[in-house]
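Residue numbers (the numbering used here): 1 to 119.
No lab work stands behind these hints: they were computed from the structure.
In this text, all values refer to a predicted model and were calculated from it rather than measured experimentally.
All C-beta atoms in this analysis are idealised placements derived from N, C-alpha and C, irrespective of residue type, glycine included.
Accuracy of the hints is not assured; some may be wrong.
[Unchecked claim] What follows is a list of derived Cβ distance ranges for each label pair: (1) Ile42 - Ile105: 42 to 50 Å; (2) Leu10 - Glu93: 53 to 61 Å; (3) Gly62 - Arg88: 32 to 40 Å; (4) Trp30 - Gly64: 35 to 43 Å; (5) Glu106 - Leu10: 17 to 25 Å; (6) Leu10 - Ala104: 50 to 58 Å; (7) Arg101 - Tyr79: 16 to 24 Å; (8) Met1 - Ile42: 48 to 56 Å; (9) Tyr18 - Ile89: 53 to 61 Å; (10) Glu27 - Ile51: 32 to 40 Å; (11) Tyr18 - Arg88: 18 to 26 Å; (12) Glu93 - Gly64: 37 to 45 Å.
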Amino acid sequence: MYVIQYIAILASLGIMVYVLGKYGKKEMTWQGFIFWESLLIIMLIISLKPIETSIFIKNLLGLGRGLDALFVVLIGLNYILMFRIYMRIDKTEREITELTRKMAIELQEIKEDLKKLEK
1 MYVIQYIAIL ASLGIMVYVL GKYGKKEMTW QGFIFWESLL IIMLIISLKP IETSIFIKNL
61 LGLGRGLDAL FVVLIGLNYI LMFRIYMRID KTEREITELT RKMAIELQEI KEDLKKLEK
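I would like the entire structure built from these sequences, with the hints used as guidance.
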């Protein structure tokens, strides 16, 4: 095995422990936990058997070289992750807008109530 494989294995295991700790502290949902642990297990498998994994993906996707296939798969995963992040940001922005509207309405009602009390 190459040094880079050892580094990748240690990094994968370290991040797996970190994710497990976040889940244990209730800072991560179980869906997020399963998602990240699955990705890290895949990274661990690729680190342990890079050539076999490359050949398998190459044959599965029908590309000329295994490395090309790995890049195609990783680019696809990146797009999926970016889409998920975009959707969460959009949802958060909508929630903030809704809360701001509710607070503005309540503030206006409080101001009106204060004016009535002053009279």
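Does 17 to 25 Å hold as the CB distance between Glu106 and Leu10, or does it fail?
violated, 53 Å
If you check the beta carbons of Ile42 and Ile105, does the distance land in 42 to 50 Å?
holds, 48 Å
Trp30 paired with Gly64, Cβ distance criterion 35 to 43 Å:
Hint holds: Cβ distance 40 Å, inside 35 to 43 Å.
Just tell me: holds or violated, for the beta carbon distance of Met1 and Ile42 against 48 to 56 Å?
The hint (48 to 56 Å, Cβ to Cβ) is violated, given that Met1 and Ile42 are roughly 18 Å apart.
Note whether the CB distance of Tyr18 and Ile89 lies within 53 to 61 Å or breaks it.
violated, 23 Å
Do Leu10 and Ala104 keep their Cβ atoms within the hinted range of 50 to 58 Å?
At 52 Å between Cβs, range holds.
Just to be sure I understand the hint, the distance between the Cβ atoms of Glu93 and Gly64 should be within 37 to 45 Å; is that true here?
For Glu93 and Gly64 the Cβ distance comes to about 43 Å; the hint holds.
Given the hint of 53 to 61 Å, check if Leu10 and Glu93 actually sit that far apart at their C-beta atoms.
violated, 38 Å
With respect to the beta-carbon atoms only, verify the hint that Arg101 and Tyr79 lie 16 to 24 Å apart.
violated, 33 Å
How does the Cβ-Cβ distance of Gly62 and Arg88 compare with 32 to 40 Å: does it lie in that range?
holds, 34 Å
Given the hint of 18 to 26 Å, check if Tyr18 and Arg88 actually sit that far apart at their C-beta atoms.
holds, 21 Å
Does 32 to 40 Å hold as the CB distance between Glu27 and Ile51, or does it fail?
Given range 32 to 40 Å: holds, Cβ gap about 37 Å.
Consistency with the previously given hints fails for numbers 2, 5, 7, 8, 9, ordered from lowest to highest.
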